[in-house]
Amino acid sequence: MSAIGNGGTRALPARERSFARGPTVLSAAAFNRLRAVLFVLALVPLARLFVLGFTDRLGANPVEFVMRSLGTWTLVMLCLTLSITPLRWLTGWPWLVRLRRMIGLFCFFYVGLHFTTYIWLDQWFDAASILKDIAKRPYITAGFAAFLLLIPLAATSTNAMVKRIGGRNWQRLHRLVYVIAGLAILHYFWHKAGKNDFSQVSIYAVIVAGLLGARLVHWMRNRRR
Amino acid sequence: MLIRRPSNIRPSEITPPHVWHRRREFVQAALAAGLVGAMARGRAAAPAGTKLATRPGSYSTMEKPTPFEQVTNYCNFYEFGTDKEDPSRTAPNSLHPRPWKVAIEGEIRKPGTFDIDDLMQLAPLEERVYRLRCVEAWSAVVPWVGFSFAELIKKIEPTGNAKFVEFTTLADRKQMPGLSSGVLDWPYTEGLRLDEAMHPLTLLTFGLYGEVLPNQNGAPVRVVIPWKYGFKSAKSLVKIRFTDKQPLNSWQKAAPQEYGFYSNVNPTVDHPRWSQATERRLGEDGLFNKRRPTQMFNGYAEQVAQLYAGMDLKKFY
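Chains as they are written, first to last, in the numbering used here: chain A, 343 to 567; chain B, 80 to 396.
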């Protein structure tokens, strides 16, 4: 089955249908309202940073605070993007997939800000220091790789680009998101490794593992049929 | 002509007037506390915020002290949680710094257990404004209150076998919720070579900003070793042991490839995961300030470099 389009015509197996509570079909107006609400919600983390910044409440180490907050929200957006497909299987709401591009682009938006904070506010465009960091510090290598891999996905997010490269190729390319998710967790894990502080990162690791595991289960089940 | 070195300028000459004027209040409060203390047979409780009678000590930096709010709210004290704000949220209510005893033992002629109030009276309390450089590449300037650890060493008379000192932090699950996490092997231990411990800069610390140490900053007693990364300066001490073997400090035990025994501030030896060449000063370096260069031995090279003469500091990091 296709991961793009709205796929609304597919008959749902009884088990999956049983979870469905809400509407399988959403009017265009209702969908647009929902998307607008989510758009505004996704900007709240950034707005919060501005409010804290202007009221001098970014704490003792503001650059660290901003960089970490943006990193966390990148990961949240990534998890939300990855949860769309399993959520659709669970609920049988085909329109969910049409929210995915926006949330995925918000992930790219936050990682862009995260990266900009690093090269600008943290490193002040010191190219030598940045390159040394990327080469020598495994957690920055992993994070940087995840950021680079996300660029082609963001660049091919428009309808025109999907058409241009073809649905099948597009889907293949966008499977990179699984690698990106792994790299993002690794980035966070290595960042915390020296302090043996895995409480936060384990939560995200379990969520990402669950979201990728759901795909594996789904794929194996479909293969057996 | 006498040329005074910058490191010997007394803090009274550089302290902002409004802070300097508060000294009278400190002294008055301390006198009042002393009277009360005398009536209660010298066992007055000393909660955080109680003023301490201090005199300006040597070695103070002229740099601007980091605001009290930031010194007391941005803390690494994993016994109370791993977030910077965890200790200031939890420790003020959960840690009980009175009554408190410190066991002083090992290779010494006069081992024993000191009550915290007796320990505080071993020598006059000095205010020392020290730079603090965390291994995480941030820094602060803190007006500590205490006396040289050497004063204690004089009193307990180490034997010829004493080559190192090991500091042990309290590990009480009832008072320290962070102990339920496996972040480190509790209790927290740290160590110094005896000559490092005897260096006059090494401060046995009971207060900051003229007050009794807030719980989150290591009440009721901690050490401060300003030329080493902050984690060497163990907090809330319950044991000080003099040994003939180099102690294994908690961070070295947890991640030996990242943290060594010496852990001297050194801009030329990077942490495996980040550069130590620069730092951010808490409270001063905002969003749009560049990082500032880190100084060798955190700016105390003049005083301590000779302790490490001939040592390969890349090997002994």
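If you are wondering where the hints come from, they were derived from the structure by calculation, not from laboratory data.
Treat the numbers as computed from the prediction; the structure is a model and nothing was measured.
Treat the hints with care, as some may be off.
Below are the PhoX-like pairs computed for lysine-lysine, each with C-alpha atoms no more than 25 angstroms apart in a straight line [unchecked claim]:
#  : chain 1 : residue 1 : chain 2 : residue 2
1  : A       : Lys478    : B       : Lys394
2  : B       : Lys189    : B       : Lys253
3  : A       : Lys534    : B       : Lys324
4  : B       : Lys234    : A       : Lys478
5  : B       : Lys318    : B       : Lys233
6  : B       : Lys394    : A       : Lys474
7  : A       : Lys474    : B       : Lys369
8  : B       : Lys143    : A       : Lys534
9  : B       : Lys393    : A       : Lys478
10 : B       : Lys163    : B       : Lys143
11 : B       : Lys393    : B       : Lys324
12 : B       : Lys163    : B       : Lys234
13 : A       : Lys478    : A       : Lys534
14 : B       : Lys180    : B       : Lys233
15 : A       : Lys474    : B       : Lys393
16 : B       : Lys253    : A       : Lys478
17 : B       : Lys189    : B       : Lys143
18 : A       : Lys474    : A       : Lys534
19 : A       : Lys534    : B       : Lys163
20 : B       : Lys324    : B       : Lys242
Here chain A is said to cover these stretches of chain B; the calculated rule only asks that three of the stretch's residues, wherever they fall, bring their Cβ under 8 angstroms from a Cβ of chain A [what the hints assert, rightly or not]:
#  : segment
21 : 257-264
22 : 341-355
23 : 365-374
A few chain B residues facing chain A, derived, Cβ under 7 angstroms [said to hold, decoys possible]:
#  : residue
24 : Asn240
25 : Ala333
26 : Gly362
Ideal Cβ placement from N, Cα and C applies to all residues, glycine included.
Holds or violated: is the Cβ of asparagine 240 of chain B closer than 7 angstroms to a Cβ in chain A? 34 angstroms, violated
Taking 25 angstroms as the top limit, are the C-alpha atoms of lysine 318 of chain B and lysine 233 of chain B close enough? 17 angstroms, holds
Given the hint that lysine 189 of chain B pairs with lysine 143 of chain B, test it: the Cα-Cα distance must not exceed 25 angstroms. 40 angstroms, violated
Interface hint outcome for glycine 362 of chain B [beta carbon to chain A under 7 angstroms]: 6 angstroms, holds
Restraint check for lysine 478 of chain A with lysine 534 of chain A, where alpha carbons must lie at most 25 angstroms apart: 16 angstroms, holds
Given pair status - lysine 324 of chain B, lysine 534 of chain A, alpha carbons within 25 angstroms: Given pair lysine 534 of chain A, lysine 324 of chain B is violated - Cα atoms ~31 angstroms apart, limit 25 angstroms.
Can you confirm whether the C-alpha distance between lysine 474 of chain A and lysine 534 of chain A stays at or below 25 angstroms? 20 angstroms, holds
Check whether the Cα positions of lysine 474 of chain A and lysine 369 of chain B lie no farther apart than 25 angstroms. Distance of about 18 angstroms is within 25 angstroms: holds.
Between lysine 534 of chain A and lysine 163 of chain B, is the straight-line Cα distance small enough, at 25 angstroms or below? Status holds; Cα separation ~14 angstroms.
Satisfaction of hint between lysine 478 of chain A and lysine 393 of chain B, Cα-Cα up to 25 angstroms: Roughly 17 angstroms between the alpha carbons, so the hint for lysine 393 of chain B and lysine 478 of chain A holds.
Mind taking a look at whether chain A covers the segment 365-374 of chain B? Criterion is 3 or more residues with CB to CB distance under 8 angstroms. With 5 residues in contact (Cβ-Cβ under 8 angstroms with chain A), the coverage given for the segment 365-374 of chain B holds.
Between the alpha carbons of lysine 180 of chain B and lysine 233 of chain B, is the straight-line distance 25 angstroms or under? 19 angstroms, holds
The structure does not agree with the numbered hints 2, 3, 4, 8, 12, 16, 17, 24 stated previously, though it agrees with the rest.
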